[in-house]
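Trainee: In case you want the letters, here they are:
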Amino acid sequence: SQTIHQWPATLVQPVGSPLSLECTVEGTSNPNLYWYRQAAGRGLQLLFYSVGIGQISSEVPQNLSASRPQDRQFILSSKKLLLSDSGFYLCASIDGIHYGYTFGSGTRLTVV
Amino acid sequence: QKEVEQDPGPLSVPEGAIVSLNCTYSNSAFQYFMWYRQYSRKGPELLMYTYSSGNKEDGRFTAQVDKSSKYISLFIRDSQPSDSATYLCAMTPAGYSTLTFGKGTMLLVSP
Numbered sequence: 001s002q003t004i005h006q007w008p009a010t011l012v013q014p015v016g017s018p019l020s021l022e023c024t025v026e027g028t029s030n031p032n033l034y035w036y037r038q039a040a041g042r043g044l045q046l047l048f049y050s051v052g053i054g055q056i057s058s059e060v061p062q063n064l065s066a067s068r069p070q071d072r073q074f075i076l077s078s079k080k081l082l083l084s085d086s087g088f089y090l091c092a093s094i095d096g097i098h099y100g101y102t103f104g105s106g107t108r109l110t111v112v
Numbered sequence: 001q002k003e004v005e006q007d008p009g010p011l012s013v014p015e016g017a018i019v020s021l022n023c024t025y026s027n028s029a030f031q032y033f034m035w036y037r038q039y040s041r042k043g044p045e046l047l048m049y050t051y052s053s054g055n056k057e058d059g060r061f062t063a064q065v066d067k068s069s070k071y072i073s074l075f076i077r078d079s080q081p082s083d084s085a086t087y088l089c090a091m092t093p094a095g096y097s098t099l100t101f102g103k104g105t106m107l108l109v110s111p
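One line per chain: the protein sequences are A and B, in this order. Taking this note's numbering as reference, the numbering of the first sequence is continuous, increasing by one, and the terminal residue is 112. Taking this note's numbering as reference, the numbering of the second sequence is continuous, increasing by one, and the terminal residue is 111.
Derived by calculation from the structure, the hints in this document are not laboratory data. What you are looking at is a predicted structure, and each value in this text was computed from that prediction instead of being measured. Incorrect hints may have been included.
[As the list claims (entries may be wrong)] With a straight-line cut-off of 30 Å between C-alpha atoms, the simulated DSS-like cross-links for lysine-lysine are:
#1 LYS42(B) - LYS56(B)
#2 LYS79(A) - LYS67(B)
#3 LYS103(B) - LYS56(B)
#4 LYS80(A) - LYS42(B)
#5 LYS67(B) - LYS2(B)
#6 LYS103(B) - LYS42(B)
#7 LYS67(B) - LYS56(B)
#8 LYS2(B) - LYS42(B)
#9 LYS67(B) - LYS80(A)
Chain B extracted, bound-state conformation (with noise of 0.2 Å):
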């Protein structure tokens, strides 16, 4: 079993739609979650972080841990074309740790 296990997708959605990913781990010592957008041809950039269980909202974007599930995930409201890009998670047990990522998964957001 990975430790981490992301859908690749493509995920396409129409302009304004509400966008669920999601990603699901083994090691039950990850406290430290993000999720980053990579453009094509781009390095990742960080979207949100989050420490240990519960949500965490930033504009359209909301980030969800569930420990007890090993589980996840991204919410992008009202989603644009801008929004099309890689979402990649990712997530570490400790401060200044290796991050372990996700594959990736490829949104594309049609107008």
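The following block holds chain A by itself, in its conformation from the complex (with noise of 0.2 Å):
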């Protein structure tokens, strides 16, 4: 089975600051990767997702990006934090045997 490495578990950045996160997957190859943002009573809102590496589609015009270096590394970041960009930040890949997915453990970022 495949396990989903975030980091870090939470993160308060001020207003204007850069922000990298990272997610590593084990257990598979080649998999769609996902990042995630929730945020309280809105449900999961879709950012990004990637079918390889390099190949990245955004669902959402906002301030932020993704990079996919390698095929099991997923990068999210913003050269400059909104305050609206505070939430809970989910990394998921599709499990192949159920099509569902498989989640990270999250980051909550607060940007102040």
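Please assemble the complex out of the two chains, which come individually in their own frames, going by the hints.
Mentor: Here's what the structure looks like:
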């Protein structure tokens, strides 16, 4: 079975500062990878997904970007954080057995 | 109309009660259906998954899919305080496609 590693678990950043969240996957190769943001009362919002190295699809125009430099590495970045970027960020990978996602443990980002 | 509708709750029940959680959807192309459980400040974990219509049972949990009504349910028997969490439904039309999630129902089971 696959495992998603995400770090850091919590992060407090000032407005205007840069951001880099990393996600790595174990136990699978060439996975479809996803970045979601979860805000209270708003459910899971798909931000980016990737079907392979260097292939990124953006679902929402925003202050964030994503990159996939290696097969099992997915990075979420921002050059300048906004207050509205606060939220719980989740990385996920598709499980080829049941086609659902395996999620990481998430990063709680607070922009102050 | 949203693609997936799910009552946000919270749903409060006493320990031992039978819990029914539901989602409705509008896209008739959905074929794969899942339920995730999410504890506070944790990532969601897959609880149940089913393909097309029918029932699936796993211990105290039963997932039902009624594609004719575009309605899915998760039943929890003999609910426990440890079942207190947010439950999200999810669905997709095909394997390796992006999941569409409900917003989640918060369940509180009191001892």
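Trainee: For every hint, state whether the structure bears it out.
Mentor: Cross-check of the supplied hints:
Distance hint between LYS42(B) and LYS56(B) is fulfilled; the C-alpha atoms sit about 26 Å from each other, no more than 30 Å. Of the supplied pair hints, the one linking LYS79(A) and LYS67(B) is violated, its CA atoms being roughly 45 Å apart against a limit of 30 Å. For the given pair, LYS103(B) sits about 22 Å from LYS56(B) by alpha-carbon distance, which is consistent with the 30 Å threshold. About 26 Å separates the Cα atoms of LYS80(A) and LYS42(B), which keeps this hinted pair within 30 Å; it holds.
Taking the CA atoms of LYS67(B) and LYS2(B), the gap is near 17 Å; set against the 30 Å cutoff, the hint holds. A hinted pair counts as satisfied when its Cα atoms are at most 30 Å apart, and LYS103(B) with LYS42(B) qualifies at roughly 16 Å. Restraint check: the Cα-Cα separation between LYS67(B) and LYS56(B) comes to about 14 Å, which is no more than 30 Å; the hinted pair holds. Among the hinted pairs, LYS2(B) with LYS42(B) is consistent with the structure: their alpha-carbon atoms are about 26 Å apart, no more than 30 Å.
Taking the CA atoms of LYS67(B) and LYS80(A), the gap is near 45 Å; set against the 30 Å cutoff, the hint is violated.
Taken one by one, the earlier hints fail for this structure at numbers 2, 9, listed in ascending order.
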